[in-house]
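Place chain B on chain H using the hints.
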Amino acid sequence: MKNIQKLIKKINSVAAQIKRPVNIMEVCGTHTQVISRYGVREFLPENIRLLSGPGCPVCVTAQADIDAIVNLALAGIPVATYGDAIRVPGYFGSLEKARSLGAKVFPVYSVEEALELKVKYPDLVFFGIGFDTTAPMTAVALKKGLTVYSTHKLFLPAMDALLAMGELKIDGFLSPGHVSTIVGLKPYEHMKVAQVITGFEVEDVLVGLLMLLHQIKGSRRNVENEYARSVRKFGNPKARQIILEEFKIADGNWRGFGMIPGSGLEVKNPKLNAKIKYREILSKVDFSRSEKPTGCLCGEVIRGLIAPAECPMFGRVCTPENPYGPCMVSVEGSCNVEYRYAKNKK
Amino acid sequence: MCLAFPGKIIKIQNNQQATADFKGVRKEINISLVDGVKKGDYVIVHAGFAIQALSKKDAWEVLKEFEEKL
Numbered sequence: 020m021k022n023i024q025k026l027i028k029k030i031n032s033v034a035a036q037i038k039r040p041v042n043i044m045e046v047c048g049t050h051t052q053v054i055s056r057y058g059v060r061e062f063l064p065e066n067i068r069l070l071s072g073p074g075c076p077v078c079v080t081a082q083a084d085i086d087a088i089v090n091l092a093l094a095g096i097p098v099a100t101y102g103d104a105i106r107v108p109g110y111f112g113s114l115e116k117a118r119s120l121g122a123k124v125f126p127v128y129s130v131e132e133a134l135e136l137k138v139k140y141p142d143l144v145f146f147g148i149g150f151d152t153t154a155p156m157t158a159v160a161l162k163k164g165l166t167v168y169s170t171h172k173l174f175l176p177a178m179d180a181l182l183a184m185g186e187l188k189i190d191g192f193l194s195p196g197h198v199s200t201i202v203g204l205k206p207y208e209h210m211k212v213a214q215v216i217t218g219f220e221v222e223d224v225l226v227g228l229l230m231l232l233h234q235i236k237g238s239r240r241n242v243e244n245e246y247a248r249s250v251r252k253f254g255n256p257k258a259r260q261i262i263l264e265e266f267k268i269a270d271g272n273w274r275g276f277g278m279i280p281g282s283g284l285e286v287k288n289p290k291l292n293a294k295i296k297y298r299e300i301l302s303k304v305d306f307s308r309s310e311k312p313t314g315c316l317c318g319e320v321i322r323g324l325i326a327p328a329e330c331p332m333f334g335r336v337c338t339p340e341n342p343y344g345p346c347m348v349s350v351e352g353s354c355n356v357e358y359r360y361a362k363n364k365k
Numbered sequence: 002m003c004l005a006f007p008g009k010i011i012k013i014q015n016n017q018q019a020t021a022d023f024k025g026v027r028k029e030i031n032i033s034l035v036d037g038v039k040k041g042d043y044v045i046v047h048a049g050f051a052i053q054a055l056s057k058k059d060a061w062e063v064l065k066e067f068e069e070k071l
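Sequences listed follow chains H and B, in order. For the first sequence, the tail end lands on 365 under the numbering used here, and the numbers increase by one without skipping. For the second sequence, the tail end lands on 71 under the numbering used here, and the numbers increase by one without skipping.
Because the hints were derived from the structure by calculation, they are not lab data. Even for Gly, the Cβ is constructed at its ideal location relative to N, Cα and C. Do not rely on the hints blindly, as some may be mistaken.
Just the calculated beta-carbon pair ranges, DEER-fashion [to be verified]:
hint : chain 1 : residue 1 : chain 2 : residue 2 : range
1    : B       : Ser56     : H       : Thr313    : 44 to 50 Å
2    : H       : Asn241    : B       : Phe23     : 30 to 36 Å
3    : B       : Phe23     : H       : Ala361    : 25 to 31 Å
4    : B       : Glu68     : H       : Glu310    : 45 to 51 Å
5    : H       : Arg308    : B       : Phe67     : 46 to 52 Å
6    : B       : Ser56     : H       : Gln36     : 28 to 34 Å
7    : H       : Ile37     : B       : Lys9      : 18 to 24 Å
8    : H       : Pro141    : B       : Phe67     : 51 to 57 Å
9    : B       : Gly25     : H       : Pro141    : 33 to 39 Å
10   : H       : Asn341    : B       : Gln18     : 38 to 44 Å
11   : B       : Leu71     : H       : Phe62     : 34 to 40 Å
12   : H       : Pro256    : B       : Asn15     : 19 to 25 Å
13   : H       : Leu182    : B       : Phe67     : 22 to 28 Å
14   : B       : Lys70     : H       : Arg298    : 35 to 41 Å
Below, computed lysine to aspartate or glutamate pairings styled on EDC-like, alpha-carbon distance capped at 20 Å [stated by the list, open to error]:
hint : chain 1 : residue 1 : chain 2 : residue 2
15   : H       : Lys287    : H       : Glu299
16   : H       : Lys29     : B       : Glu66
17   : H       : Lys29     : B       : Glu68
Listed below are several chain B residues computed to face chain H (Cβ distance under 10 Å; list not exhaustive) [what the hints assert, rightly or not]:
hint : residue
18   : Phe6
19   : Pro7
20   : Asn16
21   : Glu29
22   : Ile45
23   : Asp59
24   : Trp61
25   : Leu64
Chain B on its own, in the form it takes in the complex:
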């Protein structure tokens, strides 16, 4: 049920609906569960709904911070 890759918001219809691009596949998604979603944001989508807008902090960055503390 969990899609590993995020979608990029390419159009916002209203405070409920937006269009997101998933590696070239466009899908209508519901954005009502996340506040302040903007065009260009990457979102995690679950069963047709955005559940979080992503920050840019990827696994490598987390690892770097983690290893600095070791």
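Isolated chain H, as found in the complex:
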């Protein structure tokens, strides 16, 4: 605790020397959770603004993909996916809603549970969601014959997109610990921004912030690694290899961004690619209403343009019990985190 207090003092002292407003984006949803749980914003000096980025996989899943998987479930195809994805509402409702109408929808903790379900439900489709960290597991399951609707995404192209869009001046990234555990340090080096790859304990986040502020103070733009106990220079080559064996890189559809070139992962094997296997069902779905839910500003929240509380629906009509958009659904979503944290503070 004493060490943490010392660390906070150091952060404040470096921030004071910078003497201008600084925007730092934590791009990983788990960082968002740690920052809110420990109230990190409360003890940062005024000139340091922490923004949440596109690091919540459920949040960046495009409405069209939610609508597609809900329609497959409603057409009688059994669907398995990771917990939070079940509650994301689309134009045709959520997977949870489909289940209440009789569809077979199964929340799973890992692809191995999905493979077990496949024994009983041979037509089962796994709704694959997540970044470079989660795609390798789906690739393992593809090798074992699981059918997949892939919304998997490579994460770094979204950071490039944020920088290229220039809607927001980003002085530094707290870069994602587990994506980096897979991809290593090199793929970040071309980005012209200060960054520190950071772990998930509160001391990790504080040390990461301190290192980042030193970079910003010195006008340096390096890739530094706070999370050295997990992130190696070359990442996890075995995990990257299996991604490339089972997926081809395509354009990825992101909520809040639209298509980002080279960020999507599509299943190579047509027999296991649910988008091809169930083309007939999907071709009958009207996706013209799949843009985004009316009034939901999740896309703006994901790009760091507004804080959750700046959305007119936040906490009034949109709550974790009755979410209008994915940022309020996922436990890593900025709106959900902010809502729970603000409630605890009262």
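This is chain B only, laid out in the frame that chain H set:
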């Protein structure tokens, strides 16, 4: 999706499956994505799979090295 705390490998069944202890909770995990995992190693687990065996270098050690260079 990212678990902050690592699991300790307490039993290795075969080159795919192992049992890990997460602060007293035991879970079966898949270790096929990490080479050379041994009993006693701490691993980062993501969606049921180990993605890296941890070294002992924690935040304080990184900070110490960082500040020495300042």
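Hint check:
no. : hint                           : verdict
1   : B:Ser56 - H:Thr313: 44 to 50 Å : holds, 49 Å
2   : H:Asn241 - B:Phe23: 30 to 36 Å : holds, 34 Å
3   : B:Phe23 - H:Ala361: 25 to 31 Å : holds, 29 Å
4   : B:Glu68 - H:Glu310: 45 to 51 Å : holds, 49 Å
5   : H:Arg308 - B:Phe67: 46 to 52 Å : holds, 51 Å
6   : B:Ser56 - H:Gln36: 28 to 34 Å  : holds, 32 Å
7   : H:Ile37 - B:Lys9: 18 to 24 Å   : violated, 40 Å
8   : H:Pro141 - B:Phe67: 51 to 57 Å : holds, 54 Å
9   : B:Gly25 - H:Pro141: 33 to 39 Å : holds, 38 Å
10  : H:Asn341 - B:Gln18: 38 to 44 Å : holds, 40 Å
11  : B:Leu71 - H:Phe62: 34 to 40 Å  : violated, 22 Å
12  : H:Pro256 - B:Asn15: 19 to 25 Å : holds, 22 Å
13  : H:Leu182 - B:Phe67: 22 to 28 Å : holds, 25 Å
14  : B:Lys70 - H:Arg298: 35 to 41 Å : violated, 56 Å
15  : H:Lys287 - H:Glu299            : holds, 19 Å
16  : H:Lys29 - B:Glu66              : holds, 16 Å
17  : H:Lys29 - B:Glu68              : holds, 11 Å
18  : Phe6                           : holds, 8 Å
19  : Pro7                           : holds, 8 Å
20  : Asn16                          : violated, 12 Å
21  : Glu29                          : holds, 8 Å
22  : Ile45                          : holds, 5 Å
23  : Asp59                          : holds, 6 Å
24  : Trp61                          : holds, 7 Å
25  : Leu64                          : holds, 5 Å
Checked against the numbered hints above, the structure violates hints 7, 11, 14 and 20; every other hint is satisfied.
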